[in-house]
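Under UniProt numbering, the letters of the sequence shown match residues 1 to 198, in that order.
Treat the hints with care, since some could be wrong.
[As the list claims (entries may be wrong)] Lysine to aspartate or glutamate pairs mimicking EDC-like chemistry, simulated, CA-CA at most 20 angstroms apart:
1. K140 x D129
2. K95 x E155
3. K170 x D111
4. K93 x D83
5. K170 x E51
[As the list claims (entries may be wrong)] Here are the simulated distance ranges between beta carbons:
6. Y60 x L102: 19 to 27 angstroms
7. E155 x Q89: 43 to 51 angstroms
8. I164 x T75: 16 to 24 angstroms
9. K70 x E145: 26 to 34 angstroms
10. S117 x N84: 41 to 49 angstroms
No lab work stands behind these hints: they were computed from the structure.
These numbers were taken from a predicted model, which means no experiment stands behind them.
Beta carbons: idealized from backbone N, C-alpha and C, even for Gly.
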Amino acid sequence: MFEKLLSLIGAKRHREEAPVADKKRKRCKCPICTEIIVKCVITNCGHTFCEYCLEQSMMYSSSCPLCRKKISLSTYIPCKSIDNFIRSQLTEKQKESYFLRLDLTAKWNEDKKLKDSKVGMKIDALNTDGIWCPAVIQLKIDNGENNYLLYVHFENGECSYDEIFPETSKKVAPAGIFTAKNITKYRMGNVGMSTTNY
Numbered sequence: 001m002f003e004k005l006l007s008l009i010g011a012k013r014h015r016e017e018a019p020v021a022d023k024k025r026k027r028c029k030c031p032i033c034t035e036i037i038v039k040c041v042i043t044n045c046g047h048t049f050c051e052y053c054l055e056q057s058m059m060y061s062s063s064c065p066l067c068r069k070k071i072s073l074s075t076y077i078p079c080k081s082i083d084n085f086i087r088s089q090l091t092e093k094q095k096e097s098y099f100l101r102l103d104l105t106a107k108w109n110e111d112k113k114l115k116d117s118k119v120g121m122k123i124d125a126l127n128t129d130g131i132w133c134p135a136v137i138q139l140k141i142d143n144g145e146n147n148y149l150l151y152v153h154f155e156n157g158e159c160s161y162d163e164i165f166p167e168t169s170k171k172v173a174p175a176g177i178f179t180a181k182n183i184t185k186y187r188m189g190n191v192g193m194s195t196t197n198y
């Protein structure tokens, strides 16, 4: 009799734990791709996404995909504690897909890094409006810390200006990584339309 009672209590606990586990799994999913979050980033409004998903979304809109608060590359941060939590919750079935996506994200991050930058080199650079534009490195400055500063010239339609970026900044990338994409926001920005209303 006692064993039967224990088994009933155990069955009830199992049923109660399932919704909790489902809630945890739901919180671990990226609202953009609906997959388990890979390389978690947190926006200034407190929402979590895959790093890749959020950066791709930001090319179309400079607002949070969930609450529409304005965000930029400098207003979100990586969250290793959530990454570690997610890894600890993966089932064997989920691990293969997760680690494949993690490898693809690492390759994407490596591909968008500037390598062997030189004066005169054409690059993609993120302007102050959050739009990737073609630019040219005008000057490479050694700051004595093995991290060069790049004096970059933007020339985008009617607008022409200069800006300084660290060579390792997420705001610079090899030519064509971002600007080669056919994005309406960018085409509209070139004809003088506001990009902040999206």
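Hints, verified against the model:
For the proposed pair K140 and D129, the alpha carbon gap of about 24 angstroms is over 20 angstroms, so the pair is violated. Annotation: proposed proximity of K95 to E155 is violated, straight-line Cα distance about 45 angstroms (limit 20 angstroms). Only pairs whose Cα atoms come within 20 angstroms are accepted, and K170 paired with D111 is accepted, the gap being roughly 12 angstroms. Straight-line distance between C-alpha atoms of K93 and D83 comes to about 18 angstroms, which keeps the hinted pair within the 20 angstroms bound.
Using a Cα cut-off of 20 angstroms, the hinted pair K170 and E51 holds, with the two alpha carbons roughly 12 angstroms apart. At roughly 24 angstroms, the beta-carbon separation of Y60 and L102 lies within the given 19 to 27 angstroms, and the hint holds. Range check, E155 to Q89: about 48 angstroms between beta-carbon atoms, so the 43 to 51 angstroms window is met. As the Cβ distance of I164 to T75 is approximately 20 angstroms, the hint placing it in 16 to 24 angstroms holds.
Taking the beta carbon of each, K70 and E145 are about 32 angstroms apart, inside 26 to 34 angstroms as hinted. Look at S117 against N84: about 34 angstroms separates their beta carbons, and that is not inside 41 to 49 angstroms.
Checked against the numbered hints given earlier, this structure breaks hints 1, 2, 10; the rest are met.
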